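> Given next are the chains, with one letter for each unit.
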Amino acid sequence: MRIYVPLDAAAKALGADEVARAIAYEATRRGIDVQITRNGSRGMVWLEPLVEVETPEGRVAYGPFDAADAGALLDGTLPSLGRTDDLEWMRRQTRLTFARCGVIDPLSMAEYETHGGLSGLQRALSMTGAEIVAEVADSGLRGRGGAGFPTGIKWKTVHDAPGPQKYIVCNADEGDSGTFADRMIFEGDPFTVIEGMVIAGIAVGATKGYIYSRSEYPDANEVMGKAIRIAKAEGLLGDVLGSGRRFDLELRIGAGAYVCGEETALLNSLEGKRGVVRAKPPLPALQGFMGRPTVVNNVISLATIPVIMEKGAAFYKEFGLGRSRGTIPLQIAGNVARGGLFETAFGMSLGEIVDDLAGGTASGRPVKAVQVGGPLGAYFPRALFDTPFGYEDFAGKEGLIGHAGIVVFDDRSDMLKMARFAMEFCAIESCGKCTPCRIGAVRGAETIDRIGRGDASAIPLLTDLCNTMKAGSLCALGGFTPYPVMSALTHFPGDFTATHKEAAE
Amino acid sequence: MQDVAVRVGEILAEHDGMEGPLLPIFHAVQEAFGHVPQEALPIIAKGLNLSRAEVHGVMSFYHDFREERAGRHVVKLCRAEACQARGADALADHARERLGCDWNETTADGNVTLEPVFCLGLCACGPAALVDGRVIGRLDEARFDALVEEMRA
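Residue numbers (the working numbering), protein chains in the order written: chain A, 124 to 628; chain B, 79 to 231.
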């Protein structure tokens with residue numbers, strides 16, 4: 124009897140380890156031979172810990188699973204949710220990047236291969252670097268970290284750059300609140316990230332890769348560390364599948380600085396320096412890690428490369444909307460009835476995501492605002508719920524999709540407080556290099572305090588300050604902090620008045 | 079207590095040949111001593127041929143590296159937006175009152191250090207916390223009090 128109990132951090136945070144122990148204990152007591160596989164999460168966090176049992180009809184789901192139900196599960200008396208694949212959340216998805224996440228044992232290379240792993244790399248090994256770069260460019264894949272820069276163009280720059288040593292750097296510094304796709308793929312299908320990096324290396328002529336992860340993700344780092352060791356032992360790393368092509372990979376852990384998610388700050392940190400942003404140009408593609416040509420890609424961009432190489436650019440490009448091609452793993456979070464990861468083609472409306480998929484708030488109260496794209500993303504009111512999920516569509520509404528985190532707030536949220544938090548966060552995390560960010564964030568918080576005290580004359584000042592930060596900051600931290608601030612002010616002006624403050628007190 | 083110079087020397091040797099080794103070295107030193115002792119800095123500077131100011135500058139840039147040892151237990155409470163949407167602010171107020179210490183402080187008995195953290199990637203099951211490296215979701219006041227009792231044992 125094979126039973127799956129996720130090792131995903133969200134599942135663990137809700138008791139998955141206790142569940143696995145209880146099942147093992149009850150099985151021993153009953154003398155039943157049970158094989159417990161610790162898999163990744165299927166992404167239905169509201170059902171975690173989600174236990175699955177393999178049956179001739181397919182995998183059957185039980186959740187949220189209480190450790191006390193272990194006996195009933197083994198006795199066959201526990202009511203199930205039915206087949207996992209038949210659950211509405213699963214049926215409605217297009218899982219390309221996350222196809223194996225939650226399905227396989229994340230540390231079994233054999234299962235990885237059985238489920239299509241390594242086919243993309245095998246195909247890449249039969250192609251020239253330029254052909255691989257062209258395939259990725261044709262797929263329309265854009266950077267999933269948030270900037271949305273075409274991955275193929277970045278790769279071409281590095282491919283064409285001369286240099287004896289080039290690097291692939293995987294940006295796994297997923298610091299945005301409301302996002303956990305990188306963490307999930309690290310824990311649920313780490314080999315796909317490694318395979319994506321190896322393909323990138325072969326495409327651009329890089330033989331060394333670094334993953335820059337976060338110290339806030341101890342579980343993800345543990346799984347990825349093991350995966351790298353296995354990948355070396357199984358010949359995915361080193362001499363790549365015996366092809367004579369070389370690729371080595373190292374996992375590095377950050378130290379709690381949000382700004383290191385910005386690619387140039389990340390490179391400085393990786394070099395052992397303060398995580399201070401670099402001015403561009405020079406582009407990291409030409410002078411990146413150690414001043415050498417470097418591809419810096421987000422985890423999800425790299426994790427999507429294997430499926431593009433396996434199924435072809437045309438297949439991937441079929442999905443999506445406008446210039447936003449392919450699929451995007453939505454991460455639905457905050458005050459939601461059904462939170463988790465949902466991979467789908469670009470184009471679903473924000474309203475469908477929040478009201479239909481997420482089922483509204485967990486508190487049962489009306490949705491007041493939705494912040495899309497992390498702490499630097501705009502707060503959208505219900506009036507903008509018809510916005511389709513795509514890079515240009517959100518930009519057109521003074522917002523951004525970022526890393527596709529969607530955080531829902533109910534009607535008790537104070538948007539002035541959220542705007543102040545954005546400034547405060549920017550002040551704490553600013554690297555200090557440019558003035559609009561370093562000073563602007565502090566002044567911004569003070570100005571919002573003035574508004575909170577009923578001084579309406581500070582509102583034009585805040586608007587002006589936001590314009591300065593937006594136009595004058597060196598990177599997205601100072602440059603995008605105005606998004607949450609200005610969207611809160613624009614869409615929820617009632618929260619920025621003296622009467623509001625008095626009512627709150 | 080291990081001799082700082084000896085252990086730091088070993089750590090430097092273990093990281094020999096690495097590209098950009100300073101952060102991994104700080105992590106290893108903190109792992110060994112629970113913090114990065116001041117006397118480690120000149121040794122690291124000499125080993126990497128950096129100025130002491132540079133090494134201090136890097137260490138002080140990152141929130142993770144401690145100048146002083148933490149309490150026996152470390153509680154990191156998420157303060158980011160997704161957890162705020164689930165009541166993290168009220169929980170944080172409760173935690174500070176219950177422990178009798180503010181952010182980045184340790185309880186008077188040296189048992190618990192309370193730290194803010196911005197996102198543990200547990201955004202669909204907040205408020206979230208990391209207690210001695212163990213992830214906890216849907217944390218509420220009662221559960222927090224139970225954890226405090228557990229840590230006292």
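Derived from the structure by calculation, the hints contain no laboratory data. It cannot be assumed that every hint is accurate.
Covered stretches of chain B, as calculated for chain A (at least 3 residues, CB under 8 Å) [unchecked claim]:
1) 84-94
2) 141-149
3) 162-169
4) 193-200
5) 214-222
This structure is a prediction, so every number in the text was calculated from the model and none was measured. Glycine included, each C-beta is placed from N, C-alpha and C at the ideal position.
> For a quick check of understanding: which of the numbered hints are violated here, in increasing order?
Violated: hint 1 alone.
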